[in-house]
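There are 2 protein chains.
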Amino acid sequence: MVKTGVEILCVGTELLLGDILNGNARWLAEQLASLGLPHYRQSVVGDNTERLQSAVLEAADRCRVLITTGGLGPTPDDLTTEALAAAFETPLDERPDLWEEIQAKLSAGGKTVAPSNRRQASLPRGAAVLPNPLGSAPGMIWSPRPDFTILTFPGVPSEMKAMWRETAVPWMRQYGGAHGVFVSRQLRFCGVGESDLAEQVADLLTSPNPTVAPYASLGDVKLRITACADTEAAAKALLDPVAAELRSRTGECCYGQDDDSLASVVLEQLRTSRQTLAVAESCTGGGLGAALTAIPGSSDVFIGGVIAYSDAVKRQLLGVPADLLEAHGAVSAPVVSAMAEGARQRLGCDWALAVSGIAGPGGGSAEKPVGLVHMALAGPRGCVAWAHRFGDRRGRDAVQRLSVIRALDRLRVQLLAQS
Amino acid sequence: MVKTGVEILCVGTELLLGDILNGNARWLAEQLASLGLPHYRQSVVGDNTERLQSAVLEAADRCRVLITTGGLGPTPDDLTTEALAAAFETPLDERPDLWEEIQAKLSAGGKTVAPSNRRQASLPRGAAVLPNPLGSAPGMIWSPRPDFTILTFPGVPSEMKAMWRETAVPWMRQYGGAHGVFVSRQLRFCGVGESDLAEQVADLLTSPNPTVAPYASLGDVKLRITACADTEAAAKALLDPVAAELRSRTGECCYGQDDDSLASVVLEQLRTSRQTLAVAESCTGGGLGAALTAIPGSSDVFIGGVIAYSDAVKRQLLGVPADLLEAHGAVSAPVVSAMAEGARQRLGCDWALAVSGIAGPGGGSAEKPVGLVHMALAGPRGCVAWAHRFGDRRGRDAVQRLSVIRALDRLRVQLLAQS
Numbered sequence: 000m001v002k003t004g005v006e007i008l009c010v011g012t013e014l015l016l017g018d019i020l021n022g023n024a025r026w027l028a029e030q031l032a033s034l035g036l037p038h039y040r041q042s043v044v045g046d047n048t049e050r051l052q053s054a055v056l057e058a059a060d061r062c063r064v065l066i067t068t069g070g071l072g073p074t075p076d077d078l079t080t081e082a083l084a085a086a087f088e089t090p091l092d093e094r095p096d097l098w099e100e101i102q103a104k105l106s107a108g109g110k111t112v113a114p115s116n117r118r119q120a121s122l123p124r125g126a127a128v129l130p131n132p133l134g135s136a137p138g139m140i141w142s143p144r145p146d147f148t149i150l151t152f153p154g155v156p157s158e159m160k161a162m163w164r165e166t167a168v169p170w171m172r173q174y175g176g177a178h179g180v181f182v183s184r185q186l187r188f189c190g191v192g193e194s195d196l197a198e199q200v201a202d203l204l205t206s207p208n209p210t211v212a213p214y215a216s217l218g219d220v221k222l223r224i225t226a227c228a229d230t231e232a233a234a235k236a237l238l239d240p241v242a243a244e245l246r247s248r249t250g251e252c253c254y255g256q257d258d259d260s261l262a263s264v265v266l267e268q269l270r271t272s273r274q275t276l277a278v279a280e281s282c283t284g285g286g287l288g289a290a291l292t293a294i295p296g297s298s299d300v301f302i303g304g305v306i307a308y309s310d311a312v313k314r315q316l317l318g319v320p321a322d323l324l325e326a327h328g329a330v331s332a333p334v335v336s337a338m339a340e341g342a343r344q345r346l347g348c349d350w351a352l353a354v355s356g357i358a359g360p361g362g363g364s365a366e367k368p369v370g371l372v373h374m375a376l377a378g379p380r381g382c383v384a385w386a387h388r389f390g391d392r393r394g395r396d397a398v399q400r401l402s403v404i405r406a407l408d409r410l411r412v413q414l415l416a417q418s
Numbered sequence: 000m001v002k003t004g005v006e007i008l009c010v011g012t013e014l015l016l017g018d019i020l021n022g023n024a025r026w027l028a029e030q031l032a033s034l035g036l037p038h039y040r041q042s043v044v045g046d047n048t049e050r051l052q053s054a055v056l057e058a059a060d061r062c063r064v065l066i067t068t069g070g071l072g073p074t075p076d077d078l079t080t081e082a083l084a085a086a087f088e089t090p091l092d093e094r095p096d097l098w099e100e101i102q103a104k105l106s107a108g109g110k111t112v113a114p115s116n117r118r119q120a121s122l123p124r125g126a127a128v129l130p131n132p133l134g135s136a137p138g139m140i141w142s143p144r145p146d147f148t149i150l151t152f153p154g155v156p157s158e159m160k161a162m163w164r165e166t167a168v169p170w171m172r173q174y175g176g177a178h179g180v181f182v183s184r185q186l187r188f189c190g191v192g193e194s195d196l197a198e199q200v201a202d203l204l205t206s207p208n209p210t211v212a213p214y215a216s217l218g219d220v221k222l223r224i225t226a227c228a229d230t231e232a233a234a235k236a237l238l239d240p241v242a243a244e245l246r247s248r249t250g251e252c253c254y255g256q257d258d259d260s261l262a263s264v265v266l267e268q269l270r271t272s273r274q275t276l277a278v279a280e281s282c283t284g285g286g287l288g289a290a291l292t293a294i295p296g297s298s299d300v301f302i303g304g305v306i307a308y309s310d311a312v313k314r315q316l317l318g319v320p321a322d323l324l325e326a327h328g329a330v331s332a333p334v335v336s337a338m339a340e341g342a343r344q345r346l347g348c349d350w351a352l353a354v355s356g357i358a359g360p361g362g363g364s365a366e367k368p369v370g371l372v373h374m375a376l377a378g379p380r381g382c383v384a385w386a387h388r389f390g391d392r393r394g395r396d397a398v399q400r401l402s403v404i405r406a407l408d409r410l411r412v413q414l415l416a417q418s
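The listed protein sequences correspond, in order, to chains A and B. Going by numbering that gives the first Met the number 0, 349 is the number at position 350 of the first sequence; the sequence numbering is gapless. Going by numbering that gives the first Met the number 0, 216 is the number at position 217 of the second sequence; the sequence numbering is gapless.
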């Protein structure tokens, strides 16, 4: 059998018990696709030496590169490195520099160095270190056979991703076995459904190169454009006109591309127009502020806000009149407008977004069902209020997340109209 | 090799491209664990006959039961049934009753019957239908070899789950090969590292029944205890004393079990003591409020707070004195204490948590590096301030999330001391 492609092997009993979603496999698969690397198989085994070894030896006969995640920690059930060494009958050597680095990292992080951490400093003879810039568990790049290389990563997603970006991507580009150069771009949309979007661009969805494919997740729709050519410049030259055509067809529904988020786009719009923003949150409870402040540099334009979860806080900190609350209830257009205007005045900013709704599962009524969310945006030219009905079947988390998305998107469109 | 256990094989190119998370594998794995069925391997292959057949024939040598998902639809890339039949050199027979049922279902759903739907009515000779109560794609239960049975499911999660519950669960209980009943519990820890915890309970980590295994994710460490016995009561009787022993050794580091979160535990403590909570957030930007309000019913005790991202908001809404800000800077014990006390007084609650730090990547200095976070907790007996140094390598998101975790955990411990 001709050996081609990259396989992913995730090690962890927690995956076999269904405790966690295999987000690592998905993320790595996406990365392999964007690098144009053929990827034909993913496997999961538990923290078990024998079964891990069988899976690795099988993969060694099938693929050129095997990526493993998990089992690099200091505890007895972290056995990936030892199991791999034994599978290929290779001795483990302690690397003194690695052991020093592990001790230094743990000490710098204020953690005590346990004897069990010392195991992490041993790698099979001949393996290269795959450095872990974030955590103490290093990975390795090791070719136990001439035509087969293993790259090991810890299971902690942030560490795996940092190691992938810093070390594995350049390695994969050089040795991974890609045919041609792939360039990929994602356009991001809000306020349009996946099937509506697909109909607008139906003729482009069958194009062979670049390919265009739609994806949807909660409140977010994406079009991925992927072009393949001999050079990066040639692939980009294929991709750019298709991206431009998609943007011109879809108009302001397209809010950005690749790593853009609604929050990052809105913050950039505000930065450009030298305006500031505050929030007044009831049912989102801080989620809107958290989405904005997740973006580095948000303090340029985001000044803060009020989590007005109780009616008392709505009155005291935002100046919502008690009779308004009594007449209309907290989840109403008049109250959410007063929240937005109160935030804008009291915090002294150009724009204020307010959200008040019924996230559920309790608290709904026939008139105001779970999933009803009122929003308001106060700005230089006055205040506008609107409402969404997200329904009672998606759950509290989805109502809160969709509220954040819709509020930010309304501000984005308003800022577009202003500019 | 003795064949034991159940394997899961998910078929779908979209999984290999990283377009979707493999939620089916997780859900099925959880189901197998709750049925006490040994589950040692999961695999993913694309919509490719040859690779699907290799994966199935390998599994046939390893396991007693193989569950497949995906590839049962009417489109050309749905090829699971044909590929399985060919792999075991078995002819496909059209089942007239199945074809009638498929036509009836499609018509009832207002869909047109396409010629391609007819393929779905064929199963390998000897296979039993695994009925699909929701969709048109039926599955099958088929033993192509004496000691090996395949159950096929569509990839649509709602259809797979309905078929699992109605037909596969009773089949699995009877033929799946469970030895005994498994009962499992997770203990959750904060403020202790995985390796420190593992050393405290090292002798129990090698126990065969119940087994105890540690897991770690950002700011969170877990111990999973799994017991097996002839009956659920007997398994629980094995598990309970081990859980009690673990709790007694680890003390207040153990904050809960199973579905508990720090936020849910703190809210419950406050509910019990009939006290209320507010937050004053700078570098977490709303994340602390969002964590608390993610829990249904949080409005009983969480009244809201102030996202005091700019210094102006710290002064105006929390009453932090301007000279304090000037003398010590926003990221300091005096300012974060003033934030907590200001929130407690102005919002009128029993407890207030305040957080002010440098989440990064910018804004750090030699004296106040990225990752430095000051926190304060104001309560009935005064205000206490402390600081964490999370370092500059983990990234903004991790600093923000760890800040939320540490703040909630400090409040949890304080509430424990009070009770």
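Just to be clear, a hint being listed does not mean it is correct.
[Said to hold, decoys possible] If you want the footprint, here are the derived chain B segments under chain A, 3+ residues with CB under 8 Å:
no.: 1; stretch: 68-77
no.: 2; stretch: 101-109
no.: 3; stretch: 245-251
[Stated by the list, open to error] 30 Å max Cα-Cα, derived DSSO-like pairs, lysine-lysine:
no.: 4; chain 1: A; residue 1: 110; chain 2: B; residue 2: 104
no.: 5; chain 1: B; residue 1: 160; chain 2: B; residue 2: 221
no.: 6; chain 1: A; residue 1: 160; chain 2: B; residue 2: 221
no.: 7; chain 1: B; residue 1: 221; chain 2: A; residue 2: 110
no.: 8; chain 1: A; residue 1: 235; chain 2: A; residue 2: 221
no.: 9; chain 1: A; residue 1: 160; chain 2: A; residue 2: 221
no.: 10; chain 1: B; residue 1: 221; chain 2: B; residue 2: 104
no.: 11; chain 1: A; residue 1: 221; chain 2: B; residue 2: 367
no.: 12; chain 1: B; residue 1: 2; chain 2: A; residue 2: 160
no.: 13; chain 1: B; residue 1: 221; chain 2: B; residue 2: 235
no.: 14; chain 1: B; residue 1: 2; chain 2: B; residue 2: 160
no.: 15; chain 1: B; residue 1: 104; chain 2: B; residue 2: 160
no.: 16; chain 1: B; residue 1: 110; chain 2: B; residue 2: 160
no.: 17; chain 1: B; residue 1: 2; chain 2: B; residue 2: 367
no.: 18; chain 1: A; residue 1: 2; chain 2: A; residue 2: 110
no.: 19; chain 1: A; residue 1: 221; chain 2: B; residue 2: 235
no.: 20; chain 1: A; residue 1: 2; chain 2: B; residue 2: 2
no.: 21; chain 1: A; residue 1: 2; chain 2: A; residue 2: 160
no.: 22; chain 1: A; residue 1: 110; chain 2: A; residue 2: 160
[Unchecked claim] Partial list, computed: chain A residues near chain B (C-beta under 10 Å):
no.: 23; residue: 72
no.: 24; residue: 271
no.: 25; residue: 361
no.: 26; residue: 364
no.: 27; residue: 365
no.: 28; residue: 368
Rather than coming from a laboratory, the hints here were simulated on the basis of the structure. The beta-carbon is built from N, C-alpha and C at its ideal position, and this holds for glycine as well.
Give me the numbers of the hints this structure contradicts, sorted from smallest to largest.
1, 2, 3, 4, 10, 11, 12, 17, 18, 19, 24, 26, 27, 28
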